Amino acid sequence: MRNRSIPHILGINFGQSFASIAVIDKEGHPECIANEEGERQIACAISYSGEQVYIGNGAKPFLVKNGKNTIMGFRNLLGHTYDEVDHTAILTAPLLSSSTTPSYEVDILVPPPKAPEKGNRSAAASGAATPAVQEPTAGKKTLTAPEVTTLFLSTLFTSASDYLGVKPTHCVISAPTWFGPEQQAELRKAAEAAGIHVLQVLDEAAAVLVGYRVGMPEERKERGLLGQPEEGDAGEVEKTDKKVVVLDMGETSLSVSVVAVSNGEYTVLGKGRDDKLGGREFDNLLLKHFAKEFTKKTKTALDVPCSESAPAGDKRAEAKLRLAVEHTKRSLSASSGAATCAVESLKDGLDLSTSVNRLRFDSLAAPVFRQVGERLRQIVKDAGLDLAQIDEVLLAGASTLFPGLQSNLALLLAPTAPVTAAIDPSQVIAIGCALQALHLSKLDKDLQLSDVLALADRDAETLSAPIGIAIPGEKSEVLAAKLFEQGSALPSRRRVALGVVGGAEKVGVELWEGKEEVKITRVPAPPAEDDEDEEEEDEEIKEVVLNKGKFLGYVETEVKGAKGVQMEVIVQKGGKVEVRLWAEGKEEDATTLTM
Amino acid sequence: MATLTTLPLTLPALPSGYSAPSSSGLSKPSSAHTYPAGPSFLSSARRQLLQRSFAEDDKLVLAQRKKEAEEASKVGGEEQYPGLGEEEEDKATLAQDPKEWKKQDHYAVLGLGNLRYKATDDHIKVAHRRKVLRHHPDKKAASGSNDDGFFKCIQKAHETLTNPERRRQFDSVDEAIEDSVPNPASIPAGKYCATLAPVFAREARFSKVQPVPGFGGEDASKKEVEGFYDFWYNFDSWRSFEWHDKEVDEDSTNRDNKRFTEKKNKSERTRRKKEDNTRLRELVDSVLANDPRIKRIKAEEKAARDAKKKGGAAAAKGPSAADKKAEEDKKAKEEAAKKAAATPELSKAEKEAQKKAKEAARKNLKKWKKSIQAVIAASNYFLPAITAPSAAQIDAHLTELDTLCDLLEPEEVKDLKEKVEAAGPGEGAKTELKARVVGLGQKADGKFVEFTKDPLGA
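These protein sequences, in sequence, are chains A and B. First residue of the first sequence? That's 1 in full-length UniProt numbering, and the numbers climb one at a time after it. First residue of the second sequence? That's 1 in full-length UniProt numbering, and the numbers climb one at a time after it.
By construction, these hints were calculated from the structure, which means they are not laboratory data. Every value quoted in this text rests on a predicted model; they were computed, and no experiment measured them. Just so you know, even glycine gets a beta-carbon here, dropped at the ideal spot from N, CA and C. Careful: at least some of the hints might be erroneous.
Below, a list of computed lysine-lysine pairs in the DSS-like style, where the Cα atoms sit at most 30 Å apart [stated by the list, open to error]:
1. 28/B - 576/A
2. 191/B - 118/B
3. 26/A - 125/B
A few chain A residues that don't get close to chain B, going by computed Cβ distances all over 12 Å [unchecked claim]:
4. 33
5. 189
6. 326
7. 499
8. 510
9. 553
With these hints in hand, go ahead and build the complete structure from the sequences.
Listed below in structure tokens is the structure:
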């Protein structure tokens, strides 16, 4: 029997192009669930066709025949006015220019009014004339972006309710990192109009971090979510203090957040986005590739992607090809074999049937991969860091599933830094949202949710430099170990255990403020062979070292044969440091030092 | 909670003569946005909002965890139900034939004879386990007996009681529950509620709608009592009588025989259900009929009505002191209201008089109008004497006269009539009418044509 006290939890990843939902299963683990159509990636699309409304993946095929009544890409319009948004729609329903809130107008058929119920239900002839069968009348319906969002979210909510058997009571919904308070409020309003009890509108990057349990070594290892770097021990151990990049590449845009993790608290060091760089780029590449192939095979000109003034036939061909290419793209990222693409009657009644393999695709997509890498480098640089200082890259968004992209990113990082996709990148945000909802549902009884969330409205005090320890008497310029990451939110505390050399009577530890530096060593390239024209460049090896900066203090304690010592360092708000050092098992005899 | 990280470092013994370098404070902290996400943020928020230090928070969290762990071990643990299922079985129970399971008392077999329909799923689980531990055939084998009859009974009882549908069927016909109802007519009024409340609490176990409103005390309000009877008159019961079904002969291959038995069972079930419904309805009827609370409420209502009707007179009749006081209050209020109403009442009489005068004037109005009309007719409708007035002209004059009389107050019409008669037919009358129309000012705009025409010859 299921424990009744477990709250019913729902995490919603509401993307621009796709949404996904996750719930907490009976074991208390988050799980991404499929809607009633069996889709885990639910397209954010709504299509009006006569009396019917299609929501989700079922609405996408309508782009071909009924694009004018198909609404897509409405999330980013939330909280904006008509003038603030880009309103070129080539295939989908156009935005109405008349209203300030972005809104759409679609053709619908209004069902006829119900004939009044007859009182007498006998089979005998009534004498009255049989009323004529009433036809639905054509009409127009205007929907604002928040209304569309409400409609869409309510279907997600229904899917989750059907899965759970009850209505979820605790929901967290994701919003892109660049959503401001206004847009978040608008999203919350739309969700609440759909009957969803929203605990929090959570930043996508934060959802990914929560989903991966970054900075929580035990939990992360237990769930098998560690990354697999080329070198080093990051595959076995999760550090409590690290610098992480969350790279979210969705269908339409790329967003990168640089985050300092300190014992499971996440501080934003920098973030950026590119709203032109997304999975759509890959679509366009494949689209062009296949169109060229089509032209070559059939001698029929097909110029895609179309401009706004292209003939209707070309537009329809593009829509058809786009739907087919999506499948090709998915199979490319899933399997290493060749992925096929087949469209019947693409243009002028001619079919397309072809395939592309991963190697070919990687060479096609290389410029996009490079662009992504360049973006990443730029954003990390803007945050005042070097790529070598990044300890891990977490991937989110279905477009990061390409192995080509993952290996490309891994090349940019230090060999010890993994590019992690241990949770399916297309589900990780929903999973993170569900986990966050679970955490929030277990909130202390003395706390108000609004108070807790309001704490993050103001910027928190953070360490401006890392703090590390050194062994007294050593002349080295490098610190022995790092305790606090730069950017740790204050107050913060670390507890470490250290070994002690046998027979020592007394040990001491120095506390230093560190300076992180990137040391670049050039390894000269092997002398070029005669038959090669190009001269190979010297290889650069970047190494991050933590140098001694300012000396903070020194503590010592008697050990008397103990095998190890433990140390606790607390940095309070305002920069007050409290240090305690004690021999294992003798916490009451700790030496304390306050700075 | 603090996570302890083991660093791959070994501290050497402190070098002799070591002196620490001069220390300086920490660099000034910077500020950055933090994500309100993850358990660590929540614990940090807890410390900040409740103003706890790390050590204090650790202590409280540890205590909390300990408490939770204790509770978790209790739930599903057997310590929670001491003595459950450990009722001693009497010989008759032990000697039951497992084949006669339809007749056995499943609750007694599991040692839940005192809980019965109140036993929860957890109770049944725990009791079953305890019984099995004691009566498992493996235990009996040691003592040489090979009788597993009671063990089979236990298994059957567990099987029946853990299946919700079967359990309901058994509960529906549970004979061990007393179902006698005292005659409501013979219960003294003082003990009425105390006697009948358990009866209804017992019947309430069949309700599909839970919770069931209680019988209430002697001094329950009208709303409570009505709610109670409303509920019981609309009682939706899950009680069913499948348990009494006759078994279809297992080895009988005769289809007709089987169908016949099924049909009989069905009709029997319906009959019993009907009987049960009637029984309950009659019970509620008789309880309602004899309920002293209903009598009390009726009396109170009557008193209230009387008080309303007679004002002060009813106050003396009030049955209780509280009622009396209420009546008096009411009376006082009424008197206050009367006083407040006294002043408008005076003007009311005046209004009456005015109304009468108006009525009289309206009656006379017709007379006056006729006299004016006669004068107009006598003046040949203000036309030259030779021309006979056309029907339209006459009509126009009459309409205008009507309008004029409507616009004027009755007294003014009287005045007009006197003046017109005094002026006599012809020019004089016309001048009088015209003057009156002009006197109306704006009200008369556009309504009068004939009367405002210049007099003849002017």
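Looking at the structure, which of the earlier hints fail to hold? 7, 8 and 9
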